[in-house]
Amino acid sequence: MASRSEEDLCCPVCQEVFRDPVLLSCSHSFCKDCVKTWWRDRPTPDCPVCKRRSSKDEPPCNLVLKNMCETFLQERGQRSSEVLCSQHSEKLRLFCLDHQQPVCLVCRDSKNHIGHKFRPIDEAAQEHKEQLQETLETFKKNLKSLEEVQVKFDQTAEHIKVQARRTETRMKEQFKKLHQFLQEEEETRMAALREEEQQKSLMMKEKMEALHREIEALSDTVRATEDELRAEDIVFLLNYREQQRPLLEPPQLHSGALIDEAKHLGNLAFNIWNKMKDVVSYSPVVLDPNTAHPKLIVSEDLTSVRREDRQKVPDNPERFDYYNSVLGSEGLNSGTHSWDVHVGDNKEWTVGVLESGLRKGEDMLSGLWGIELSENKYYEWSSGKGSVLQLNMKIQKIRVSLDWVRRRLSYSDADTNTLIHTHSHTFTHTMFPFINNADVIDRLPVKMLPVKV
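Note that the working numbering has the sequence shown beginning at 1, numbered continuously upward.
Honestly, the hints are just simulated from the structure, not real lab data.
Bear in mind the structure is a predicted one, so any value in this text is a computation, not a measurement.
Every residue gets a Cβ at the ideal spot worked out from N, C-alpha and C, and that includes glycine.
Check each hint, because a few of them may be wrong.
If you anchor each label on the Cβ, the simulated ranges turn out as follows [said to hold, decoys possible]: (1) M276 x Q198: 23 to 33 Å; (2) S334 x D442: 33 to 43 Å; (3) Q155 x Q133: 32 to 42 Å; (4) L132 x E90: 22 to 32 Å; (5) G357 x L193: 29 to 39 Å; (6) Q150 x S383: 35 to 45 Å; (7) R165 x R40: 53 to 63 Å; (8) E330 x Q198: 49 to 59 Å; (9) L178 x K397: 27 to 37 Å.
Subject to a maximum C-alpha distance of 20 Å in a straight line, what follows is the list of computed EDC-like cross-link-like pairs (lysine to aspartate or glutamate) [claimed, not checked]: (10) K347 x D309; (11) K263 x E372; (12) K347 x E261; (13) K56 x D41; (14) K144 x E372; (15) K140 x E130; (16) K91 x E75; (17) K263 x D315; (18) K394 x D363; (19) K397 x D415; (20) K32 x D57; (21) K397 x E372.
Please model the complete structure; the sequences and the hints are all you need to start from.
Printed below as a string of structure tokens:
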């Protein structure tokens, strides 16, 4: 409950200490905002207390009352800032380092604080503020890091939408080609069926017409013969030899007259699939665009990669950030595998395998096995160590063969089947097909070649 002096300094409308008090002609004072609010809902500017009409629409400021209120509020603030000891009602002047709490002089001399260390309040506060300032700086750094992560997350979320739309478009294009192939194949096979039906129906029609003529002719013969049988004996005998005709064999249905259903339906799906292999390709290695360095562009069919200007892509954990590299989408940890890579006239490339989990920085080389062309020299890499290869050939296509069981990784010229180099190593990590394309001048692609299925 407010003291008497505070009540005297309270506005009759808001019951709070006056804020910008004004004096009405009736000698009553109010907060400036309170009286304006009061008048806004009244037909005439009257006093909220005595209801007398004010002689001025803009009442003057009550400076004396304003100064009194400001002084009162200042003194009240000072009193509230002087926190007293809850046990001794004394001002807290010291800070106990052992209990980590403010204490008064009586507390310092009490048995609860025997042997404790103390600091003046202002000194202890300064030390703690410095510590808190350091913590604040850490918080700010963490906040900045989180904000940077948020930006990356926003970019990643947007990139996911772009990827989904792009992938959907490419999938539809692929299915459109397949649908078109199947539609054309259906039309071709249906046309063949209709043609066979037409040919064999025409053949049967011709045979039926010929048979009809034979039937009519034979019917005439039957009637004539019946007439002869009814003739006199002498006439019959005279005409018998002349009109005797040999009996004809009845026509037979020839072989192959029916529709060859087996030809049209037998292994239909398999035959179509087998024919489809001529219009589609299979690549033993599919590149993963999510691992591609920002300066690399992976082709739409995910089989080739070329150097390009830096792209705006998320810095996800799988992506290379130092070397212009990209990985195959599937790791290898058993069996035998082989794939051909077309390097052509590209002047800066590396082809081989890389241990899983190595993407960032220069440390990637520690898990690299491969063949490199750089500055017109060929190198072989193993476990991060490179050495020059003495080759008297220009490689256009390189074949990589990984035999997990025999612990062997070999490279050969795919055009001549000439062995280039072999690594013997026991691989203990999952290995991924690896391409590095550093051709910054011609920007020629490096391509995984398809194989016959």
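### Message
Please list, smallest to largest, the hint numbers that this structure does not respect.
### Response
Checked against the structure, the hints that fail are numbers 5, 11, 12, 14, 17 and 18, while the rest are satisfied.
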